[in-house]
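These protein sequences, in sequence, are chains L and G. So in my numbering, the last spot in the first sequence is 493, and the numbers never skip. So in my numbering, the last spot in the second sequence is 97, and the numbers never skip.
One should not assume that every hint holds.
[Stated by the list, open to error] Distance condition first, Cα-Cα at most 30 angstroms in a straight line; then the derived DSS-like pairs of lysine-lysine:
| id | chain 1 | residue 1 | chain 2 | residue 2 |
| --- | --- | --- | --- | --- |
| 1 | L | Lys345 | G | Lys26 |
| 2 | L | Lys260 | L | Lys242 |
| 3 | L | Lys345 | G | Lys31 |
| 4 | G | Lys30 | L | Lys410 |
| 5 | G | Lys31 | L | Lys410 |
| 6 | G | Lys18 | L | Lys345 |
Calculated directly from the structure, the hints in this document are not laboratory data.
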Amino acid sequence: MFLMSLTAVELGKRIQNKEVTAVDATREALAAIAAREEAVHSFVTVDAEGALARAKQIQERIDAGELTSPLAGVPVAIKDNMCTQGMKTTCSSKILYNFMPTFTAEAVCNLEKAGAVILGKTNMDEFAMGSTTETSAFGVTKNPWNTGHVPGGSSGGSCAAVAAEECSYALGSDTGGSIRQPSSFCGVTGIKPTYGTVSRYGLIAYGSSLDQIGPIAKDVTDCATILEIISSHDSKDSTSVKREDTHFTEALVDDVKGMKIGIPRDYFGEGLNTEVKEAVLAAAKELEKKGAIVEEFDLGLVEYAIPAYYVIACAEASSNLARFDGVKYGYRTEEYDGLHQMYKKSRSEGFGAEVKRRIMLGSFVLSSGYYDAYYLKALRVKALIKKAFDEAFAKYDVILGPAAPTTAPKLGASLSDPIQMYLGDIYTISVNLAGLPGISLPCGTDSQGLPIGLQLIGDCFKEKNIIRAAYAFEQTRDYAHSPIAAQEKGGVS
Amino acid sequence: MANIISDETIEYVGILAKLELSDEEKEQAKKDMGEMLDYIDQLNELDTTGVEPMSHVFPVHNVFREDEVTNGDGSEDTLANAPLMRDGGFEVPKTII
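Using the sequences plus the hints, can you model the full thing?
Printed below as a string of structure tokens:
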């Protein structure tokens, strides 16, 4: 048994019990990275030397009894859109190819305080815009279950690193499904918390009203433990919410008796792969067997979430990405004639095609004459979508459905048709619009051996409901959280 | 395609977005934007009369704090990221001609 095959919490326990050290764990993670990166390419930056030095320091503090957190000494990978002081942060974009942050994102600070060992930064779709991790300026990440397929996106590097056992766990960010969809494709577990739960300070913004940082790990227990550590009220993030109860691990209870679970009929219509549908409905049956009350219902408005999202997210992106101007950091074009051409050429050469597409659309929907028709219309539809969820959560504790309509597509199959790619986010996007928490966890594999993800959605601030339901479901199956573990179990997950 | 994006519109959006597109990129952008707008026009099927635009899901308001410095002087590290710097400042092309 390798240390990277353990869950983060199990590894943390062994470190606290002095069976292994943080340095042992970090060495194993670095060895796994050295062995698997060529095939998977989860990382943009690996800081081997720094990680070992940090592990040594952390172990000393554990030995001195100063660090007692369940994750002290456990190696973690961070998505490359979270600033890390002194460690390059690129957003997988040429425009930030050499950016060295002067401060660390609050969520990452919280992990550091708990004694996490940061290994490096993971690959992503450029500026988190994409669903496959193929829009990265630094190469494509591949799905560890089958390297001919994408890992999903935009947190594809983080999910692939967890599935390839190159780290114990990772942080990702989710604007329209960017934690849950790649978790589903890579057979790992990921939570997008209620908006405002984890500070966005130091997260390079894409769609500020939608972005949330969350954990990606091997199981529900890990995710709840990590979320408990990274959640905090932060005066440096004006949208940070002061929450009373963030003791998420208290919800790790194998009991769903009487829990009301709603299955939206609209999530099971056209476009949903049959194998995914069967696996997700089978998961609902398991929860019903355990005493949950499972009912079908009509959520409504599902098909309007994607167009509303693209208006809002692109509008916010066009404003957020205005800061990349070739002056303060990152890429500046070589030759230019005056200030404006310097801006334009630096941006045009520094941004990739998908990022430019979204900046253009965002600039258009915010422009005079179109603002009301597109931007305000989308915000009105967002209000309707929120209302539809409010009505659903008046009846149900948890909404259950697929995380994505299919399993991981083949490399190169998605980018040629943007709208088709955007449709892949149909079950995840409305959760961001309504600010809700959602979890994706594995619920089976398809006939090609690719993982299928189950999504559980809760009402705002009700992470505990989805954690409890996810934990109870997880106990019903013999569970392989990586292709390596699946192989050891004889190819079955 | 119901939404036909003109050369003038792409030119104008390029100015707003501070992007310089090649002729080929402009043609692609016209096509992409037209298709996206056709798709987005679905939203018009919904009657949103009387619905307030929702910019934020929670009733949060401006958050104020005292303007006190809590971090140190990071100007050296900050400037180290600049593509060009001189005399403790960012160097940019001449702005007033």
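| Hints breached by this structure | The structure breaks none of the hints.
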